[in-house]
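Please work from the sequences and hints to get the whole structure.
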Amino acid sequence: MARALAVWASIAASLVVLGGCQGRADRGLRRGEAAASIRVEGSDTMVQLAQAWAEHYHAIQPSVSIQVLGGGSGVGIASLTDGNCDMANASREIEPKEIARIKANRGEEPVTHVVGHDALAIFVHKDNPLDSISIEELAEIYGDGGKITRWSQLGVKLQGDDTIVRVSRQNSSGTYAYFREAVLGRNRDFKLGSIDLSGSKDVVSLVSRTPNAIGYSGMGYATPEVKMLKVSRKKGEPAVAPTIENAKKGDYPITRALYIYTLGEAKGHVKQYLDWILSPEGQKIVVELGYVPRDES
Amino acid sequence: MSDPASVPPASGPPRISRAADPVDTTLPNARSRGARGWVRWAERLMEGLIYLCGWSAILFVLAIFFFVFIEAAPLAVQGFDFVEFFTSVNWRPTSNVRPQFGTLALLIGSLSVTGLAMLLAVPLGLGAAVYISEFATGKTKEVLKIVVELLAAIPSVVWGFIGMMVLGPIIIRFTGTPVGVNLLNGSVILALMSVPIIVSIAEDALKAVPDSYREAALSLGASQWEVVYRVLFPAAKNGLLAAVLLGVGRAIGETMAVLMVTGHAIQIPRSLLDPIRTLTATIAAELGETVQGDTHFRALFLIGLVLFALTFVVNLAADLIVKGIRHEKNA
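Note that the protein sequences, when read in sequence, are chains A and B. Going left to right, the first sequence walks through residues 0 to 296 as numbering that gives the first Met the number 0 numbers them. Going left to right, the second sequence walks through residues 0 to 330 as numbering that gives the first Met the number 0 numbers them.
Please note that a few of the clues may not be correct.
[What the hints assert, rightly or not] Chain A regions said to be covered by chain B (calculated; three or more residues, Cβ under 8 Å):
| id | region |
| --- | --- |
| 1 | 123–133 |
| 2 | 165–178 |
| 3 | 183–192 |
| 4 | 204–213 |
| 5 | 229–238 |
| 6 | 243–250 |
Note that these hints are calculated values from the structure, not bench results. Beta carbons: idealized from backbone N, C-alpha and C, even for Gly.
Shown next, in the form of structure tokens:
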């Protein structure tokens with residue numbers, strides 16, 4: 000029991016310490032606000048992009064400090080609702096329910112800004128002989144009641160296990176929702192039993208370690224250990240590689256928009272920052288990170 | 000006030016003397032009384048603080064329960080299907096067709112990984128405790144104790160990392176299964192995480208058995224193994240059971256490591272090599288991106304309540320058993 004007490008005491012102590020840090024961080028944040036400071040929060044998909052923007056912008060405008068937090072699209076929007084951030088990143092469209100809550104809480108409607116596009120690539124292990132796949136086949140692999148469970152059904156023979164290991168995302172992620180909409184269709188659910196990971200990077204890393212796995216993530220996450228499949232809309236139609244050019248032209252079938260939400264029209268330094276993001280300079284960073292710029296797609 | 004020197008019967012002149020009295024008599028008096036008063040105050044303050052510390056634990060537990068309950072409670076009036084929650088394997092909280100909130104597969108995932116972990120951890124933990132308490136001597140004993148404490152201090156994310164990067168490939172190599180993150184991996188990692196707790200509490204329980212028991216058994220000609228098996232285990236059985244239950248509590252509540260090494264797949268496992276998903280990992284993975292106040296959000300808090308109930312029952316059982324020991328000792 001003495002041990003249990005010691006455990007509790009250490010938990011309490013760490014809570015106190017954490018609380019103290021929190022307080023200090025908050026104070027720091029408030030002091031920072033005196034100068035121009037922008038708080039950005041939201042989608043994990045966009046965290047790398049948002050950080051790259053923030054760093055480059057800070058180099059141009061040293062007086063403006065930008066804080067970027069991840070947490071997820073929902074977290075960012077909730078934070079905007081509570082007035083804890085100036086910009087919410089989201090890799091999905093804001094829901095009517097969330098708009099209503101923001102209006103009720105803040106008296107203003109959120110304004111949508113499309114800042115780029117993300118092409119979802121289909122990843123397999125680099126030794127997998129498969130080169131292309133159709134949306135229908137993907138739906139049969141991932142969709143509820145889908146018939147495809149073995150690689151031989153796709154016409155390839157893998158060394159070792161023939162079963163397809165489905166790698167997916169946690170059901171609250173924007174990537175998950177987008178894949179469902181684009182591949183399975185609005186009225187179909189995922190087949191249960193897939194390995195649901197919490198990050199885009201984790202999907203690619205598991206696929207790179209698993210010869211019979213298939214997974215999906217933003218094409219910016221590709222590594223040399225995985226192969227991106229060409230995707231066709233229907234079986235028999237030409238398959239398109241996930242490249243920036245193809246995504247821009249709209250040929251690649253699984254492409255989604257990336258959003259920034261602000262409370263009402265952006266004003267002051269937030270507006271300047273947003274304008275810079277949408278400028279060729281900001282969009283160049285989108286391309287550098289493997290995403291698709293917004294203007295031409 | 001009850002100065003015995005200044006209690007003459009009430010009359011005219013004494014009143015005046017009373018007014019003068021405090022000036023000369025209470026000055027030295029007041030100084031000592033002030034010092035004593037300060038000490039008394041400090042003592043009372045410290046007493047209050049310590050009292051508060053003691054009660055704060057209860058306050059925290061109640062506050063946490065209350066908070067989790069408040070977040071989940073609106074489900075009761077929103078027509079939430081509680082039968083489905085406990086009996087369906089379909090966990091599709093964000094479905095466009097029909098959101099379903101069945102947690103059966105998650106519950107079985109949690110219970111199976113915990114059960115298997117205990118299958119590994121209990122013999123290992125009790126064995127280690129017996130060795131440290133009864134067989135090891137001198138430096139070996141001290142070193143072992145320190146190492147076990149150190150093992151308990153490894154953060155769960157590090158365990159998860161070990162499971163993913165070390166144990167996973169080993170499992171793939173020896174079983175030929177395609178994915179190394181699965182029920183087996185989770186069980187082994189959880190077992191390793193709960194062993195230190197089992198060892199340290201079981202060792203305490205064995206230590207608490209009076210030496211006279213050992214001496215009596217040895218003098219009757221029992222071998223050392225017979226002493227452990229026939230005398231110490233029965234004598235310390237409550238403490239050992241409490242150790243096991245606290246290990247169970249540790250395993251069932253573990254989140255980060257489990258999230259990393261069980262594969263996080265919603266299915267009822269049919270073999271050791273199937274990926275599974277636990278209740279804790281589901282909350283950790285999904286809460287961040289749910290819409291606040293949504294049914295999904297509340298259902299995750301309901302899972303929290305289920306976990307709270309599970310760990311509460313396990314800990315309560317452990318506590319009652321420990322209390323049982325004390326009664327026996329007093330008797």
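Can you tell me if the region 183–192 of chain A counts as covered by chain B, using C-beta to C-beta distances under 8 Å and a minimum of three residues? holds (count 7)
The region 123–133 of chain A covered by chain B? Criterion: 3 or more residues, Cβ-Cβ distance below 8 Å. violated (count 0)
Has the region 204–213 of chain A got at least three residues whose CB is nearer than 8 Å to a CB belonging to chain B? holds (count 6)
Given that the region 229–238 of chain A was listed as covered by chain B, double-check it with a C-beta distance under 8 Å for 3 or more residues. violated (count 0)
Between the region 243–250 of chain A and chain B, are there enough contacts, at least three residues with CB-CB distance under 8 Å, for the coverage claim to hold? It is violated, with 0 qualifying residues against the three required.
Outcome, coverage of the region 165–178 of chain A by chain B - at least 3 residues whose beta-carbon is closer than 8 Å to one in that chain: Check passed, 7 qualifying residues.
Of the numbered hints stated above, those contradicted by the structure are hints 1, 5, 6, listed in ascending order.
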